[in-house]
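Just need the whole structure built from these sequences, with the hints factored in.
Sequence order for the protein chains is P and V. Per my numbering, numbering through the first sequence is continuous, rising by one, with the last residue being 354. Per my numbering, numbering through the second sequence is continuous, rising by one, with the last residue being 1088.
Hints in this document: simulated from the structure, not taken from any laboratory. These figures come from a predicted structure and were not determined experimentally. All clues stand as given, with none of them false.
Once the Cα atoms are required to be at most 20 Å apart in a straight line, the calculated DMTMM-like pairs of lysine to aspartate or glutamate come out as: (1) V:1021 to P:24; (2) P:28 to V:1018; (3) P:28 to V:1019; (4) V:1021 to P:27; (5) P:28 to V:1043; (6) P:9 to V:1056; (7) P:339 to P:160; (8) P:28 to V:1046; (9) P:9 to V:1057.
Examples of chain P residues toward chain V, derived with CB under 7 Å: (10) 12; (11) 310; (12) 313; (13) 353.
C-beta: ideal position from N, C-alpha, C; glycine also.
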Amino acid sequence: MAAPTPHGKTCSFAEITAIPAIRERWEKVRRYFFLRESTYDMTNRCNIRCEGCYYFTGAKQFAEEHPDESVWRSLMQAERERGITFAVLAGAEPSLVPQLCRICAEIIPCGAIATNGLKALPRDIDYRIHISVWGNDRTSSEIRKADNLLVRQMANYRDDPRAVFVYTFTPHNIDEAKEVTALLAANGQQITFNMFSAPIGYTGPLRHSPASLARTAEMMTELLHDHPRTVLFSAYNIVAHTHALGLHDLFSCPYPRRNPSTAIGLGRSFRQYRTDLQWDRAAACCVPDTDCRDCRHYAAGSAVVTARMFRHATDPETFAAWLDYVDTYLAVWMHGYTKGPNLCDHPVVPPASH
Amino acid sequence: MSADINQTITRIAEIIIDELKLEDVSPATFDPDLDLVDEVGIDSMDLATIALVIRDEFGIRIDEDDYPKLTTIRIIAEYVADKRSGGE
Chain P
1 MAAPTPHGKT CSFAEITAIP AIRERWEKVR RYFFLRESTY DMTNRCNIRC EGCYYFTGAK
61 QFAEEHPDES VWRSLMQAER ERGITFAVLA GAEPSLVPQL CRICAEIIPC GAIATNGLKA
121 LPRDIDYRIH ISVWGNDRTS SEIRKADNLL VRQMANYRDD PRAVFVYTFT PHNIDEAKEV
181 TALLAANGQQ ITFNMFSAPI GYTGPLRHSP ASLARTAEMM TELLHDHPRT VLFSAYNIVA
241 HTHALGLHDL FSCPYPRRNP STAIGLGRSF RQYRTDLQWD RAAACCVPDT DCRDCRHYAA
301 GSAVVTARMF RHATDPETFA AWLDYVDTYL AVWMHGYTKG PNLCDHPVVP PASH
Chain V
1001 MSADINQTIT RIAEIIIDEL KLEDVSPATF DPDLDLVDEV GIDSMDLATI ALVIRDEFGI
1061 RIDEDDYPKL TTIRIIAEYV ADKRSGGE
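Pasting the structure below:
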C-alpha cells in the first residue's frame, strides 16, 4: 500500500462542500445522522466456540438469559422512547432466538444482527445481517470447530440482500481472504473487513503485529481493487484499521467505556445490554472486553471514525476520505443503503484532533 | 459587549436553523437559553456540522473536546466571544 499522503491546504467547510462530488456525498450521508445505536446480547448460547471470541471473555457470558418476549418488548419500547434508532443484536448467537430478534426489529426498524451464519435468520427480520468469516473452511475447522462453514453460510444467505460477510483478519489468514472474496464475488455476495482485536488478557497467536498489519493493508488494497462491487471498504478504511495505533489512540473512542461525558452523542445514549438486560457504563462499548489499545474492530470504527467529522473537515481530500468511510459504514450497517464509488482512492493520514 | 453578544446569538441561531432546517422558529424567537441537546434534540453530528460553520464564520479554532460544553446558543456565543478576544 502506498504511504498515506499528508494533508493539503486548509479550506473552509463551505469551500470543501462546494465541490459537487463532495456536496452530493455529504448530502447523501448526513440524512442518516439520526442514527443512535445501542447493542444487545440476545442469548448466552452459541452453536460453535471460536478461539478469541469476544462474547466468551469477561463477565457478560455468565449473565442469565431473559427469554420472556414481553420483557424484551418492554425493553425495546423503552429504548425507542429514550431515542435509540438503531439496534445491534449480538452475542452469543442471535439466530438461536429469532423470536426475540423479530421483536427488536418490529419496534426499532433499523438494525443489524451479528451471526455466525450457521442458522439462517427468517427473512421477515428486516435487519442487516453480518456473517462472521475467519478464513477459509480449513481455518474455520481449526479455529471455530465448524466444518464447511463458508459453504453453509453462503447457502443460508444466498440471494439475501440483508447479508454482508465480515472477514476478520488475523495474522494467519491474510492470504485466505483472496480465496474467500473470490468465492463470495462468484456467488454475488458482499464482504467487508474486520481486524482481530485482542480481548483483555489475550495472549494467543491471533494478536496482530506491525508486520501482519502491513500485510493485511496490502491484501485489503488488492481485494478492493480486484472486487470493487463485492468489497465494501475504502482506502481510508484500510488506513484506519491497519494503522500501528489502534482506533482509540488515533481518534479517541467516544463510547462510554472510554468517554466520561454524558452530555451528547454515544457518551450520552449508548448502552450495551447483557442477556440479563442489565448494562454497565464502565463496560459499555460495541465490543466489550476488547483491549482498547489493540482495538481495530470494524464496529468500533463505524462509530469512532464517523464521530470525528470535525477534524476531517480540513481540506477536500481528507474530507472525501472521511466521507468514503461513512458511506462504507452506512452500506455495511443499513439494509437498503447503497455504497457509492469511493471519492478518495489513496491513503490519507488520519488527522490529529488539533 | 452586550450588543455584540446579541448579534452573535442571532447569527448562531440563524446558522442552527439553516443547518438543521428547523421549522416553526426564527432567529428572533429562538430562546438562546434552550438546551440544544435536551430541548432541541440535536446530537453530536449536528453539533459538529454547526461547529464547522461557526469556525469558518467567526474565524476561530474549536476544540472537539469543547463540544459537550456548547449546550445553548448563549454559551456558544460566549465561547465565540472568548475565542475572538484571544481567550483560547
